[in-house]
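Q: Line order of the protein sequences matches chains L and G. Under the numbering used here, the first residue of the first sequence is numbered 26, with each subsequent residue one higher. Under the numbering used here, the first residue of the second sequence is numbered 2, with each subsequent residue one higher.
Hints were generated in silico from the structure; no laboratory data involved. Errors might be hidden in some of the hints.
As the list claims (entries may be wrong) - Once the Cα atoms are required to be at most 25 Å apart in a straight line, the calculated DSS-like pairs of lysine-lysine come out as:
id : chain 1 : residue 1 : chain 2 : residue 2
1  : L       : K342      : L       : K210
2  : L       : K368      : L       : K342
3  : L       : K110      : L       : K210
4  : L       : K113      : L       : K194
5  : L       : K253      : G       : K101
6  : L       : K113      : L       : K173
7  : G       : K4        : L       : K342
8  : L       : K194      : L       : K210
9  : L       : K173      : L       : K194
10 : L       : K342      : G       : K7
11 : L       : K253      : G       : K4
12 : L       : K113      : L       : K183
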Amino acid sequence: MPALARTSPRFYEKRSVRRRIAMVVTYLGLSVVGITMVLPLVWMLSTALKNEASIYSIPPEWLPSETRHYITLEGEEVEVRLLRKRVKAELVNPSDRGRLLDSVQLDEPGRLDLYEAQLRGGGEKTQAAGIADGLVPVNVVESYSVVKLNAGDPEREKVLRVPSDEVTKRRVLAPQWGNFARAVKSINIGRAYINSIFITLVITAGQVFTSSLAAYAFARLEFPGRDKLFIGYLATMMIPGAVILIPTYIVVRYLPDALNWAFSREAQVFSQDLFLFGKYAVGKAIGIDSYFAVIVPAMFTAYGTFMLRQFFMGIPKDLEDAARIDGCSAIGIYRHVIIPLSKPALATLAVFTFMGSWRAFMWPLIVLNTEDLYPIPVMLRSFQSAYTVEYNLLMAGALVALVPTVIVFMAAQRYFRAGIRLGAIKG
Amino acid sequence: MSKLRKGLVGYAFLTPNLVGFLVFMFFPVIASLVLSFTTYELVGGPLSASWAGLKNFAALLGGDQRQQFFQAAWNTVFLMFGIPISILGSLFLAMVLNQKFRGMVFFRTVFFLPTICAGIAVLMLWRWILHDDGLLNALLKQVGLKGVRWLNESEWIRPAIIIMQTWMTVGGMNMILYLAALSNVPPELYEAADIDGAGAWRKFWTITWPMVSPTTFFIGVMSVIRGFQAGFEAAMIIADGAGPGGATRFLSYFIYERAFIHYRMGLASAAAWLMFLAVLVLTLLNWRFGGRRVIY
Chain L
26 MPALARTSPR
36 FYEKRSVRRR
46 IAMVVTYLGL
56 SVVGITMVLP
66 LVWMLSTALK
76 NEASIYSIPP
86 EWLPSETRHY
96 ITLEGEEVEV
106 RLLRKRVKAE
116 LVNPSDRGRL
126 LDSVQLDEPG
136 RLDLYEAQLR
146 GGGEKTQAAG
156 IADGLVPVNV
166 VESYSVVKLN
176 AGDPEREKVL
186 RVPSDEVTKR
196 RVLAPQWGNF
206 ARAVKSINIG
216 RAYINSIFIT
226 LVITAGQVFT
236 SSLAAYAFAR
246 LEFPGRDKLF
256 IGYLATMMIP
266 GAVILIPTYI
276 VVRYLPDALN
286 WAFSREAQVF
296 SQDLFLFGKY
306 AVGKAIGIDS
316 YFAVIVPAMF
326 TAYGTFMLRQ
336 FFMGIPKDLE
346 DAARIDGCSA
356 IGIYRHVIIP
366 LSKPALATLA
376 VFTFMGSWRA
386 FMWPLIVLNT
396 EDLYPIPVML
406 RSFQSAYTVE
416 YNLLMAGALV
426 ALVPTVIVFM
436 AAQRYFRAGI
446 RLGAIKG
Chain G
2 MSKLRKGLVG
12 YAFLTPNLVG
22 FLVFMFFPVI
32 ASLVLSFTTY
42 ELVGGPLSAS
52 WAGLKNFAAL
62 LGGDQRQQFF
72 QAAWNTVFLM
82 FGIPISILGS
92 LFLAMVLNQK
102 FRGMVFFRTV
112 FFLPTICAGI
122 AVLMLWRWIL
132 HDDGLLNALL
142 KQVGLKGVRW
152 LNESEWIRPA
162 IIIMQTWMTV
172 GGMNMILYLA
182 ALSNVPPELY
192 EAADIDGAGA
202 WRKFWTITWP
212 MVSPTTFFIG
222 VMSVIRGFQA
232 GFEAAMIIAD
242 GAGPGGATRF
252 LSYFIYERAF
262 IHYRMGLASA
272 AAWLMFLAVL
282 VLTLLNWRFG
292 GRRVIY
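So that you can see chain G by itself, here it is in the shape it has in the complex:
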């Protein structure tokens, strides 16, 4: 087969995907960057956009958009505080399930249930649970605690979303990943530790934790990347948008709001690119300083 023919065959296979990819991935990325330097507001065709230089970025970082943009960034970071709780919970559950015993498959399925259900329907359920007269407050009252207005107070709605997300994710994908990692730990290590009389705590820190650290690293990186874009659905369904005092104006919602409610496409694109830069920097830092071995 000639080189030319080989090349043609290769591109023939690639074309269906590549065309879609160029139109709906490469092009939008470039277009988004261009848009972020314009003041396009969706009146008239895209060619009517006018050049704005760095105005959008200046507005976000130091101008009239600063307050809400920084609030959105903080709200997003706040949501990420839930990540370590969820990851450690997943590891703990995986360790418990990893002891071979009867009913393990049953419990694994039950823990996986919220992940399978996740979506708008379950968010509606949580809006109801977190309601002033909802289940959570009723249960709190039964054990003698005063309820909290989860949905209506700016300082409670984010913790409420963290609780919900922990419920949704703790027995999900991360736990499955940890189960796979734990089953790869050679049992001889634990046997040797038993003979040396090591306690459970000691065994965890000297065997389990280091052995699953690549998985932890992988999950951590992915969770942070996803964390930047998180919260949109929760904001829309549970908090009707920006929430009390803008407490659920996460970056994702901020961008949606600017683009599709205020129609400020240029500004929204600039915000999206700032988000992208943050993801990029954080990921690179992670790989540089944290990544030793990652399962792929």
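Just chain L, with the same shape it has in the complex:
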């Protein structure tokens, strides 16, 4: 088909119709993908608000609901609590007639169940009870429920026996907001937040400060061995974390012993548990189970220095020369020229470092044994080990850990995207 000439009016007409169709298809496709992205998170919230009985309901319920029962009293529908549901049934077989079968409880597995069954040889459907290994045709004599009226109010509470078909059952929206309180109570999430914030802030501040100094040196100052050192920095970016993990652990583990041996053979101060205000456990000064162990080894990465150096290289040199003529020292140039001009890059590095250390899991898991020091990810893991099947509580706890984080990261998204575009991806 020959292409329509651009000058022909039909060219634009056809294009606009096709464009509109394409737009609809695009929106549809994007919505499907978007829903896929959000659905698991919605499920998380939905599970967090459910009660134990309805976590596993099939088909899955998106709205946290529970079953409630109602009866009609004097023309008014009132809610009741269902205590028992019983069915009295009679065997249909003539020779057994008159012998009542066990009361059949409905709705609860493990007891006799009532079915609607087709008799062998055709005919009408009949009711049947499941006993032992088969179904026995039965006649339902009576089917009643025992319900409690005004449950929870000891003065007006009343137990009634009503025909089962007068009890109506309904699934009612019933979000269990209490799950959040229960989750927060069973894990020390407040302490985990304090730990995470403290650890992350110190790592981020240390990383930005030392990296920016080093990056300035690599970008602008001249000193012997500069380029070789920089290549050394670059080379380490490719080394998997697993390689340095083990020696770093050994250093952290034996540092207190070495320091005790050198400085404090009597008191062994380097391996003592410390308490803030005499009551809040803050681990040891250094070594395993200390903030030091989580923070310091994570503070130095080649990546921050590399990223900032690339950015500093792009700052026009004239500005510095002008400052130097005005009598600025190197540290003055760093403070008054480089840093103010690099705010976006510094913010990007800060956001990346913050995000990385906020999520750090393996290293804190290895060097921390006391729950008091756990940051959020490690705390969540021990929470999971303690409540393996109570997914409503697990999801509530996970959400409490997640939501503030997400809000902060959403707010910092701009820097995050900028950082990605700078090629700033940590290997």
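With chain L fixed as given, assemble chain G onto it according to the hints.
A: The following block gives chain G in isolation, referenced to the frame of chain L:
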């Protein structure tokens, strides 16, 4: 300023970072290499380690550790099968978002959401979704498919982790990188192709794909490097460690297990160095044969 003074100023700026770097980067790398030739088991100080020569490497490559180490390597490679799916998905989403239209920012944010949430909390969520009675199986049953025991069968847990990782990464950093790359493609190229009557498919293969190839290359290299170390958190949270039949004993978990559960520091270091060598060789090969232009 004298040369000496200049040098001193340079090192003064460098020192805070360099000291930390030497202690927590250079030194551990060397120490790790040394450790890999010893049988250090964390009883007694590090000086009590005894020399083992190549024994650790021999055990991993042909001895009693071989079976689990090779399984770990295979598990890790298996996880990498998800990389091309995720990358192509990111490119596709970026191409769709790149057409300027209303709501683009909204969709970009929504797609980015899993990346922002990523972490232990979301892994816990996925453990619940992949549960025998979880959401995924329930949805499969609703469309008439039989569910799968994702978490309890060795052949399903790795695909499950790939599904999860695709969900987490497809609208994330890679998509943002592709969006940046696509916005750099000169629109005249597409206009010229329109005039020549080229279809969408043709335009993709002759314009888009070559123009974003440096980005694809960059993302690919980074993903493979990261892929070698991937899976630890998923293994810990979703599979309680090594998983059914050791299906989630990824290299990262293998090293963790040897070092911090069995306390075989020498052996674990040797495994870490083998992993490093694999990363190194693969990266060099990539740069040698694949790398033409890479955005940096």
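Q: Decide, hint by hint, whether the structure agrees.
A: Structure-based check of each hint:
1. Distance hint between L/K342 and L/K210 is unfulfilled; the C-alpha atoms sit about 57 Å from each other, more than 25 Å.
2. This hinted pair checks out: L/K368 and L/K342 have alpha carbons roughly 17 Å apart, not beyond 25 Å.
3. Using a Cα cut-off of 25 Å, the hinted pair L/K110 and L/K210 is violated, with the two alpha carbons roughly 36 Å apart.
4. For the given pair, L/K113 sits about 21 Å from L/K194 by alpha-carbon distance, which is consistent with the 25 Å threshold.
5. At roughly 46 Å between alpha-carbon atoms, L/K253 and G/K101 are farther apart than 25 Å, so this suggested pair is violated.
6. Straight-line distance between C-alpha atoms of L/K113 and L/K173 comes to about 20 Å, which keeps the hinted pair within the 25 Å bound.
7. Simply put, G/K4 and L/K342 have alpha-carbon atoms about 20 Å apart, close enough for the 25 Å limit, and the pair holds.
8. Taken as a hint, the L/K194 and L/K210 pair is broken in the structure, with Cα atoms around 33 Å apart against an allowance of 25 Å.
9. The straight-line distance between the Cα atoms of L/K173 and L/K194 is roughly 14 Å, inside the 25 Å bound, and the hint therefore holds.
10. Proposed proximity of L/K342 and G/K7 is supported: the alpha carbons are some 17 Å apart, at most 25 Å.
11. The straight-line distance between the Cα atoms of L/K253 and G/K4 is roughly 18 Å, inside the 25 Å bound, and the hint therefore holds.
12. At most 25 Å may separate the alpha-carbon atoms for a hinted pair to count; L/K113 and L/K183 meet this at roughly 23 Å.
Comparing the model with each earlier hint shows violations of hints 1, 3, 5, 8; every other hint is respected.
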